[in-house]
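Asker: These protein sequence lines are chains A and B, in that order. Be aware that the first sequence starts at 12, since it is given in the numbering used here, and climbs by one per residue. Be aware that the second sequence starts at 12, since it is given in the numbering used here, and climbs by one per residue.
Any given hint might turn out to be false.
[Said to hold, decoys possible] Below, simulated EDC-like cross-link-like pairs (lysine to aspartate or glutamate); rule was C-alpha separation at most 20 angstroms, straight line:
#	chain 1	residue 1	chain 2	residue 2
1	B	K184	B	E142
2	B	K184	A	D175
3	A	K184	B	D141
4	A	K184	A	D136
5	A	K184	A	E164
6	A	K184	A	E166
7	A	K184	A	D141
8	B	K184	B	D136
9	A	K184	A	E169
10	B	K184	A	E169
11	B	K184	A	D41
12	A	K184	B	E169
13	B	K184	B	D141
14	B	K184	B	E115
15	A	K184	A	D129
16	B	K184	B	E172
17	B	K184	B	E164
18	A	K184	B	E142
Hints were generated in silico from the structure; no laboratory data involved.
There are 2 protein chains.
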Amino acid sequence: MLTQYFTACSLDGFIASDPEDGLTWLEVCDGDPDGPQGYNAFIAEVGALVMGATTYQWVLDHQDGPWPYEIPVWVVTHRTFPQPTGDVRFSSAPIPEIHTALVEAARGRNVWLAGGGDLVGQFHDHGLLDEIWVQQAPVMLGAGAPLLPRRIELEQIELVENGDFACRRLRVKR
Amino acid sequence: MLTQYFTACSLDGFIASDPEDGLTWLEVCDGDPDGPQGYNAFIAEVGALVMGATTYQWVLDHQDGPWPYEIPVWVVTHRTFPQPTGDVRFSSAPIPEIHTALVEAARGRNVWLAGGGDLVGQFHDHGLLDEIWVQQAPVMLGAGAPLLPRRIELEQIELVENGDFACRRLRVKR
């Protein structure tokens, strides 16, 4: 069972550009979700996931059809959101407690830290981040939301090309 | 003849961490300068290079032996430096003029923009950046000097692994 941060980012390490602009820089990129290090193989091994309030709001705003996740989702927030349509649990508990709940819900499968970067950093601060999977787009953004605002030594597991993306899977050194 | 930005950076897009720390994060990484997208094949095609004052000062401070470049070097600066030991030309001329001088000195070979990121951005602002070669280390820095503080659409030419590094060669879309 691993706790993994899986995300797309720009070549200069931003997961989102300014709010007006959104993810248009990402949407023009070509990647195969069934290809190497693609989303479909990744999510198949995930049993629960967690995201911050900004990421959750983004998912809600861009939801095109039913709630996209079949597995339990934690949203770390102090904010109040409308009643969710999927299995969503809002929590402002300490990160280690949330992690314990995620691991239990995942029933032996992996836990996905879906972002943003600072939330993932909080899991890392507690020694709870095992792996990072990044799909790096061929674009410089110059500014935006940081990938993971921490200093972390990593070890590469695999580097592959998937469409326009450079995909890296890395292990956090302990 | 191409104008190329060749640099190492962290996974989150920093070319240098805070000043005390320097490039220790980079020095522990293992890469082969004779390997794919390595420095030796790159520099063999370069006829002239340019860097900013901070990068030049860093080269001076870390010079271990004779001046490392056999080709002409421009330093874009308003500052005054001691008399250089190599072929170094200090200039505060407009970027297009410096580029013309670089191209002339390169005699049909490529021009290397050695950094920092903002200087490379100034060349890009004038449409004078053709390619980016980055060697991305398996480390998050969380803060530092940015890779290239501009928004730039790119097209990947080649992705290769060299030791610990993910090496990408990309073309600026025009």
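Asker: Each hint should be assessed against the structure and marked as holding or not.
Answerer: Hint check results:
1. A threshold of 20 angstroms between alpha carbons decides the hint, and for K184(B) with E142(B) the separation of about 9 angstroms falls inside it, so the pair holds.
2. Only pairs whose Cα atoms come within 20 angstroms are accepted, and K184(B) paired with D175(A) is accepted, the gap being roughly 13 angstroms.
3. As the CA atoms of K184(A) and D141(B) are separated by approximately 36 angstroms, the hinted pair breaks the 20 angstroms bound.
4. With a CA separation close to 13 angstroms, the supplied pair K184(A) and D136(A) stays within the 20 angstroms bound.
5. The suggested pairing of K184(A) with E164(A) holds, with an alpha-carbon distance near 6 angstroms, which does not exceed 20 angstroms.
6. Of the supplied pair hints, the one linking K184(A) and E166(A) holds, its CA atoms being roughly 6 angstroms apart against a limit of 20 angstroms.
7. At most 20 angstroms may separate the alpha-carbon atoms for a hinted pair to count; K184(A) and D141(A) meet this at roughly 8 angstroms.
8. Between K184(B) and D136(B) the alpha-carbon distance is near 13 angstroms, which keeps this suggested pair within the 20 angstroms criterion.
9. A C-alpha spacing of about 15 angstroms is found between K184(A) and E169(A), which places the hinted pair at or below 20 angstroms, so the restraint holds.
10. Between K184(B) and E169(A) the CA atoms are separated by roughly 28 angstroms; this puts the pair beyond 20 angstroms, and the hint is violated.
11. The hinted pair formed by K184(B) and D41(A) meets the criterion: a straight-line CA distance of about 16 angstroms does not exceed 20 angstroms.
12. Among the hinted pairs, K184(A) with E169(B) is inconsistent with the structure: their alpha-carbon atoms are about 28 angstroms apart, more than 20 angstroms.
13. At roughly 8 angstroms between alpha-carbon atoms, K184(B) and D141(B) fall within 20 angstroms of each other, so this suggested pair holds.
14. Taking the CA atoms of K184(B) and E115(B), the gap is near 24 angstroms; set against the 20 angstroms cutoff, the hint is violated.
15. Between the alpha carbons of K184(A) and D129(A) the distance comes to roughly 19 angstroms, so the proposed pair stays at or under 20 angstroms and holds.
16. For the hint linking K184(B) to E172(B), the alpha-carbon distance of about 24 angstroms lies beyond 20 angstroms, and the restraint is violated.
17. Restraint check for K184(B) and E164(B): satisfied, since their Cα atoms lie roughly 6 angstroms apart, inside the 20 angstroms limit.
18. Only pairs whose Cα atoms come within 20 angstroms are accepted, and K184(A) paired with E142(B) is rejected, the gap being roughly 33 angstroms.
Checked against the numbered hints given earlier, this structure breaks hints 3, 10, 12, 14, 16, 18; the rest are met.
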